[in-house]
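K.L.:
Chains as they are written, first to last, in our numbering: chain Y, 2 to 279; chain S, 551 to 903.
Since the hints were made in silico from the structure, they are not lab data.
Each statement offered as a hint is correct.
Within a straight-line C-alpha distance of at most 25 angstroms, the following computed DSS-like cross-link-like pairs (lysine-lysine) qualify:
#1 S:862 - S:844
#2 S:654 - Y:189
#3 S:858 - S:844
#4 Y:238 - Y:40
#5 S:652 - Y:188
#6 S:620 - Y:189
#7 S:566 - S:762
#8 S:566 - S:620
#9 S:706 - S:672
#10 S:858 - S:882
#11 S:706 - S:603
#12 S:620 - Y:188
#13 S:672 - S:652
#14 Y:137 - Y:227
#15 S:654 - S:706
#16 S:723 - S:858
#17 Y:188 - S:654
#18 S:652 - Y:189
Computed from a predicted structure; not experimentally measured.
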Amino acid sequence: MSRRFVEPSILPGFSLTFGFTVFYLSLIVLIPLSMLFFKTASLSPREFWEILTATRTLAAYRLSFGTAFASAGINAVFGVIIAWALVRYSFPGKRIIDALVDFPLALPTAVAGIALTELYAPNGSVGRYLALAGIKGAFTPLGITIALTFVGLPFVVRTVEPVLEELDPQLEEAAASLGASRWYTIKKVIFPVIAPAVLTGFTLAFARAVGEYGSVIFIAGNMPMKTEIAPLLIMTKLEQYDYAGATTIAIGMLLISFFFLAAANFFQWQLSRKYGKV
Amino acid sequence: MSIEVRSIHKSFGSFKALEDVSLHVETGELVALLGPSGSGKTTLLRIVAGLEKVEEGQVFFGGEDASIQKVSERGVGFVFQHYALFRHMTVFDNIAFGLNAKPKNLRPPQAEIRARVSELLKLIQLEWVADRFPGQLSGGQRQRVALARALAVRPKVLLLDEPFGSLDAQVRKELRHWLRRFHDEFRITTLFVTHDQEEALEVADRIVVMNKGRIEQVGTPDEVYHDPANVFVLNFLGNVNLFHCRLDDGKVYFGNIGVEIPGVASDNARSANLYVRPHQFQITRDAGTGTSIKAAVAYVNPAGSVVKIDLKRETGEMIHVEISQAEFAALKIVRGDIVYVSLRDVTYSEYQI
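Chain Y on its own, in the form it takes in the complex (with noise of 0.2 angstroms):
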């Protein structure tokens, strides 16, 4: 017997449906893409591999993703106390500060990069006492990861949030009765049942920071080898007319970060395997 493409479904509209998910994608993500593979064709292997390689490109690549890494890193751990305390505590102003999270997403990110620069600079007001203490804020790699967390900041709170209303106050009352101190039920019980949306809200806010643009060019410094992010290098090659060259850099930046997420979810597949979906 044959294996039909799809199952016959009762419920109408699947053709309708499917049909237009295929053509929009194709519209506004796959032929974008393929133009981008398209540019890159015109270089030969060997030029694509020498601009791929270049001691430039690949510190720009290693300070893009480290601090997209480490400002996800930080998220993850600030949004689950953040998520937390909006899902289980009634306290004035809770309405505010339920907004203020998604304050990063609204606030053009340029005037949030002005602002976090004028702040952290060594003259700024939080900058002013980071340098007594020996560090720079503004135009370091610190800086970069400050600026990208300040934009992934809405991501795991908005994916933990519905995971922790949905977790039901009775497994830690049975956990208490069994017992087990508080500490142990936070790492035995919830933190178990969390996992897979907080490792969601790390590949967003991830895939957010590796994309920053407009808040990071002002609090980066831009200098190449030490400050320079990806986006900024290929918006460099840009502006010199070199299009295969930037395109060629932003092939890598995919490539990469579609690892990542593949890693992502393959370790997300794994955790709802473990825990066996109800």
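With chain Y fixed as given, assemble chain S onto it according to the hints.
P.N.:
Frame of chain Y; chain S shown alone:
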């Protein structure tokens, strides 16, 4: 270990959940907290467990004040209506949870934990599910696992919050009998909440009937059913018919028909309410001695261990009657028949004013 609850007060906002509730449960007793929803029975159970704070009053376990102890220190086994199993853990890990959660110096060695869990799995007759996840079990199986998990830490008292409330009738009956057998064997002091009077009557040594944050009556199933302390208890435990009648000269009058009932004082005439259970009636074909009420058969349901019959009096009032299958077979009544009902074994009580 005995449980002693002393004048507990608890309110949620302006809602008074418990008002001056005191209760004593003997060591090894199986006691049911019975009442409609909102009567405070679950709140009382949660206070005994330490899951709820009290404003006033104390809880003692075996004479020791438990009010100051946290949930995790009280040594109670708590079973929730919706199981509250850890769904990311296997059945084995769920049951072993309480043992693994002990601090290192008190935690039994792994071999001992394994032995204890297998022993409990055998007790709940689910040895073959050790490696499954709760999501792969039926409701009845999940609740048995939840019970085993609570028992693993050898609790001093066992507290069950509507343990069979979300199971279907057949499984509920089975588990009810299982709980009774289990309790007869191990004699752990057990307090369980239910809104199902049949369940309470069948399983418990004693029943605590609650209503609106107060205890209405405490007694054995026999006492609360046959000798209810007030109208609420009478109404809550089984069906009952209400007659508005007149007391005169030691007799109860339904219209012109006077019936002698033990317990009626021969004082002045007054109106009264008489409550009669469906099985306290006799149906006859003929009018007899003139002490029976004439009625028409409105509905007959012969399916079940008793036959349920609804009768309509000439005044329009309905009477719900239950007679045995043997009586029904002898009478051969069908819908529309005119019959005569008389009271049997009815005793008049003070609250039937």
